[in-house]
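J.: Residue-level listing of the chains:
Protein chains: 4
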Amino acid sequence: MSYNSFGHLFRVTTWGESHGPAIGCVVDGCPPRLPLTEADIQPFLDRRRPGQSAFTTQRREPDAVRILSGVFEGQTTGTPISLVIENTDQRSRDYGDIAQTYRPGHADLTYDLKYGIRDYRGGGRSSARETACRVAAGAVARKILGEGIVIRGALVQLGPHKIDRAQWDWDEVERNPFFCPDAKSVPMWEDYLAGIRKDGLSIGAVIELVAENVPAGLGAPIYGKLDSDLAAALMSINAVKGVEIGDGFASAELTGVQNADPLFMRDGHVAFGANHAGGILGGISSGQPVVARFAVKPTSSMLTPVPSITSAGEEKDVITKGRHDPCVGIRAVPVGEAMMACVLADHLLRHRGQVG
Amino acid sequence: MSYNSFGHLFRVTTWGESHGPAIGCVVDGCPPRLPLTEADIQPFLDRRRPGQSAFTTQRREPDAVRILSGVFEGQTTGTPISLVIENTDQRSRDYGDIAQTYRPGHADLTYDLKYGIRDYRGGGRSSARETACRVAAGAVARKILGEGIVIRGALVQLGPHKIDRAQWDWDEVERNPFFCPDAKSVPMWEDYLAGIRKDGLSIGAVIELVAENVPAGLGAPIYGKLDSDLAAALMSINAVKGVEIGDGFASAELTGVQNADPLFMRDGHVAFGANHAGGILGGISSGQPVVARFAVKPTSSMLTPVPSITSAGEEKDVITKGRHDPCVGIRAVPVGEAMMACVLADHLLRHRGQVG
Amino acid sequence: MSYNSFGHLFRVTTWGESHGPAIGCVVDGCPPRLPLTEADIQPFLDRRRPGQSAFTTQRREPDAVRILSGVFEGQTTGTPISLVIENTDQRSRDYGDIAQTYRPGHADLTYDLKYGIRDYRGGGRSSARETACRVAAGAVARKILGEGIVIRGALVQLGPHKIDRAQWDWDEVERNPFFCPDAKSVPMWEDYLAGIRKDGLSIGAVIELVAENVPAGLGAPIYGKLDSDLAAALMSINAVKGVEIGDGFASAELTGVQNADPLFMRDGHVAFGANHAGGILGGISSGQPVVARFAVKPTSSMLTPVPSITSAGEEKDVITKGRHDPCVGIRAVPVGEAMMACVLADHLLRHRGQVG
Amino acid sequence: MSYNSFGHLFRVTTWGESHGPAIGCVVDGCPPRLPLTEADIQPFLDRRRPGQSAFTTQRREPDAVRILSGVFEGQTTGTPISLVIENTDQRSRDYGDIAQTYRPGHADLTYDLKYGIRDYRGGGRSSARETACRVAAGAVARKILGEGIVIRGALVQLGPHKIDRAQWDWDEVERNPFFCPDAKSVPMWEDYLAGIRKDGLSIGAVIELVAENVPAGLGAPIYGKLDSDLAAALMSINAVKGVEIGDGFASAELTGVQNADPLFMRDGHVAFGANHAGGILGGISSGQPVVARFAVKPTSSMLTPVPSITSAGEEKDVITKGRHDPCVGIRAVPVGEAMMACVLADHLLRHRGQVG
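Protein chains in written order, with the working numbering: chain B, 1 to 356; chain H, 357 to 712; chain U, 713 to 1068; chain P, 1069 to 1424.
It is worth saying that the hints were derived from the structure and are not from the lab. Heads up, a few of these hints could be off.
What the hints assert, rightly or not - Coverage of chain U stretches by chain H, computed from C-beta distances (three or more under 8 Å per stretch; other residues unrestricted): (1) 726-733; (2) 773-785; (3) 827-839; (4) 846-857.
Claimed, not checked - Here are some of the chain P residues that sit facing chain U, going by a computed Cβ distance under 10 Å: (5) SER1073; (6) GLY1075; (7) GLY1184; (8) ASN1306; (9) GLY1381.
What the hints assert, rightly or not - Straight-line Cα separation of at most 20 Å, EDC-like style, residue types lysine to aspartate or glutamate; simulated pairs: (10) LYS316(B) - ASP623(H); (11) LYS162(B) - GLU172(B); (12) LYS1384(P) - GLU924(U); (13) LYS672(H) - ASP267(B); (14) LYS672(H) - ASP468(H); (15) LYS1028(U) - ASP1335(P).
From the three backbone atoms N, C-alpha and C, an ideal C-beta is built for every residue, glycine too.
Same shape as in the complex, but just chain B (with noise of 0.2 Å):
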């Protein structure tokens, strides 16, 4: 019941502050003599690491993993595999207020009303550093899952600007800095953030996650339903607030005959009519595309003062300065899809062990 592990038979555990020697994660429980290299893993950790548009941290960090073990001439034994990535750039700074003043909407607060101690350099435990060590173990998930099963995420929703969903293509997600599927919102997207960012502000974002050809039977009613898992492994990502699955909330407002999903057999197998239910029927996967959508608040590091206090208890208006992502929605794209991977897999392995 680990506080810092996920999932079950595939099961993550991480470690790190943002700013101490390194950050890591060990994955324990992954099938022996799969093919592994950092070679493998390295891609995802490139497509979420910082610094590489106008639109995200100017913190620039290599982030190179190393695999420490359970891996053996090229493939995984089936012992823990640890992971590991250097923190390089902890320059040497004066962290003067932040260490004594909290800043609203951070865990900064939080973590001092529970722990009564916490390390304030650069967010500590709570920095969102820690999703690269997801990313990491969502590419050893992915080679558990194998090929045939995809999974994608794409932003859908910048602040109040919703993509054009009849213009998805998924090819243009690899094309922009925002991993939007809809090329018309690209400058669109561009112009609006370049604006929040030049006032100083963030925004929040949304982000919808696919995964196609995943084999009907995953999950496990009654608490351990794929949609369940889905639903902590993407709210425990940082600054997530709400989570769907398929037509989500606006299911709320449907009824149960706009809501189906009608039942066919095509070339003797079973066919849907449609998929407001997201993959998932009863907890369990129904061999339908799963769908899933997040949403990310703004980051609340922001140039304009807001009131708060200080750890002494004295009231005091800050300013969060330094290098922050204008939406930090952007980065929770390859997040998200390593959470998937992870939720996945551990239900595969979970599935083939109850069911064979």
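Fit chains H, U and P to the known structure of chain B by using the hints.
T.: Using the frame of chain B, we list chains H, U and P on its own:
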């Protein structure tokens, strides 16, 4: 990692099928010397019980809970509490169609795809009847939390109709069959739902949960975050398709300044200028009210024929007769409250274990 | 991490007190489509049941098990299996002394020290009656293991009297009230135990368990080793004070050469020249018979007065009257078998999950 | 349910192979604000380190531990503590024989049978080197337990030679290379083990652990019993084949009267007339010293040829050359202490969580 268990230090394991002899749960990890009798649990079950208005299923069962263990002379002993509810309304009947034909949107298909067998009687394990066990466990959880922590839920949206939040009155929630906090919405909802029912339709809903006086410090980063566990808990309820904390999906449209909850000092204590965060920062409770919402899809049972298939792989339209709720979201209110109580009780014990 | 649960993928949660209305367990994670009825479980309970010879407690209860969930039309469904055994022999009686005075060697004192409350009736939760649930769960576990894997136990030492291992005959185990595999020891043990009983004494015992045809590969290093889980399982049985695998403590006196199990090839398969290791190497089954032993202390209930104290902190000698086994080790044989079955079933599923 | 994790609220995950770049562990759930630096951990590692006498393997590594996370300004923060020890003594060498030929009594065979692959270099994951991580974690556990709880271990039997318990002197343990508490046994053991080593043999041992000032109430029935968790913890150590609590296997030969620990009152507190139970009753600590013993088999590495097979299925005698301990039991003393510290720390937190 039991599939049918929930929680860690406060751990609930539920069992039972809709039309088996009984359903029940085992509550493990409860602190000793808490006063507990059936009379502490029954009122919560009565609140969830169907057949109380025209707007819920007409299945009529007393849902009388029995405590079989873990309580001695009216006090918990620290040993597992076994709670059992007999299924008294198992009329012998003809399940013919439901046995062979899948109901779209139900778990019939996926249970068969996963397990190769299912107890089709009344939905078997996937029946909403299982939620009675959650409500019973929630009543025990409330004993741990004490009377200071107040957990309440309300229906804030019925189909397309949202309440007027300015009219929110918690007392009103107990006065109408919808758990609606806005007296003005009640007659309109009555009309609307009567129409839905008459047309043989069903409709979705949104429930809001508020826990007041939750101490700061509950929840444990990174994968034991309070919001992550709440998301899992609420998403595991039958028919739930979305979960939000605080401003939820709306926060995606906000700037950091708009979304900020400023900090002040009031009488020597931390005070907040707003609660966009829903009482949780970095996965840890801040001392503000914990606010969550979840969306319930319309029940898939309805009188309109929908294309479907049989377990033998033949296409066949289905109509789902029987006693069903036109809006299952209504009865999800006490279930949601119970899940929040279980999550908070678990985290209270976990926090006490680690931090003392 | 439930205190009253055992196992991971095959997970058993037990509940109930000696003199409450019932005891029971929930078996979660069982694979679907295994044939299972009460008739598969009852014979194992009958074997453990007291009152069958002069050498076990005279409490007489049918110990009839009921399946309340998880089985449909004679097959497991993959959902939790709830098993209940009513306590029919709860004679109203005067517990006066036991309520206030601690019995040395019993859990009375420590339950009170831990919980500040205890159900003193018949030992409450710490009664050996709980082991009936283990036996019931073990019967389900055997269904998973299949008939090929044979798990048997025998009493190999009664007090100071060890069997002659050269006389080992598994058939003999079922022919005497001691589960003794050595026919020549039986009459001697009868005389010895009759004397113990007449003198109001009790005596310890050692049980040996052998599981044959266990496939190689079960058990997962480092902390999920098969022997580690067996040790936990056996040590959790009431009154057990020691556990050994293979040669156990005797191996401390051996040299590496004496302790070696040489390897050969026989008909294309791995064969072993000895089984000092008890079928487990590095925590993983080798394909050899898995051999474990455990020591049961003499029951602390006896007719000789022993100095003790009351819950009010006064010194007072106690005599423990009532229906007790002169050697609780005898009835521990089917309990030990059941625990080994549960551990092996769990590891079979876990291995299948990770390795396929 | 991670295979490479141990404990629940105090949870240790270890990783690493003998000849990989490093080994390490993640300690999760540690309470905040405990003073901790490498200097608190290193002495325990030094005590376990090989190469300190003629009687342990000549592998020479500094085993210098680094704290990579979870500690800020010399105090624990409540976040995961990542500990890493580099493998500095990975001489490039010819592993030829060990790669293809199984060493009887080693995990070589079973790792291959289970995983179909193994890191054969120095025993890979099954190397005793992993126990360094246990020792490091144990040092953290001791911080939680505080200085009041004293955990010590001693070698009480070397091969056939048992100590004279009347001579027990804890100070002596630190004065000889055997952790032997009986000064008179030391010269005899030196002669004996020198002979074993000269003959290219190895020998087993028995270690006794004693934890003093353990508060009453630790351990949770039924499957979280303190003795059950100790048994699992000690049996998981490499080469351990038996575990005892208190009188252990000897209690099988006793009558209830002989085995009784009478209760008295002394200065208003519970006092005991003996400690046959080893400080645990019904799975819960009684306040008496917790006493456990475990048996370590002779290492299977030796210079005498033993019949074996190759991974290709051919018969072939093996001699195991290299740097090996003639008695691995000696270095198991600090490992056993560490495991007991981890179990007690975990149960301290668990007890505090449930009971307060």
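J.: Indicate, hint by hint, whether the structure satisfies it.
T.: So, going through the hints one by one against the coordinates:
Beta-carbon proximity to chain H at under 8 Å applies to 6 residues in the region 726-733 of chain U; the threshold of 3 is reached and the given coverage holds. With 5 residues carrying a beta carbon less than 8 Å from a beta carbon of chain H, the region 773-785 of chain U meets the three-residue requirement, and the given coverage holds. Under the rule that three or more residues need a Cβ within less than 8 Å of chain H, the assignment of the region 827-839 of chain U holds, with 7 such residues. Residue count for the region 846-857 of chain U with a Cβ under 8 Å from a Cβ of chain H: 0. That is fewer than the three needed, and the coverage hint is violated.
A distance limit of 10 Å between C-beta atoms decides the matter here; for SER1073(P) the minimum to chain U is near 6 Å, and the interface restraint holds. Satisfaction of the interface hint for GLY1075(P) is found here, the shortest Cβ-Cβ separation to chain U being roughly 9 Å, below the 10 Å cut-off. Proximity of GLY1184(P) to chain U holds as hinted, the smallest CB-CB distance being about 8 Å (cut-off 10 Å). Annotation: ASN1306(P) was flagged as interfacial toward chain U, and the flag holds, the nearest CB pair being 8 Å apart, inside 10 Å.
A cut of 10 Å between beta carbons decides the hint on GLY1381(P): the least distance to chain U is about 6 Å, and the hint holds. A threshold of 20 Å between alpha carbons decides the hint, and for LYS316(B) with ASP623(H) the separation of about 16 Å falls inside it, so the pair holds. Taking the CA atoms of LYS162(B) and GLU172(B), the gap is about 16 Å. The hint holds against a cut of 20 Å. Straight-line distance between C-alpha atoms of LYS1384(P) and GLU924(U) comes to about 27 Å, which puts the hinted pair past the 20 Å bound.
Among the hinted pairs, LYS672(H) with ASP267(B) is consistent with the structure: their alpha-carbon atoms are about 16 Å apart, no more than 20 Å. Of the pairs offered as hints, the one joining LYS672(H) and ASP468(H) holds, with about 17 Å between alpha carbons and a cut-off of 20 Å not exceeded. About 16 Å separates the Cα atoms of LYS1028(U) and ASP1335(P), which keeps this hinted pair within 20 Å; it holds.
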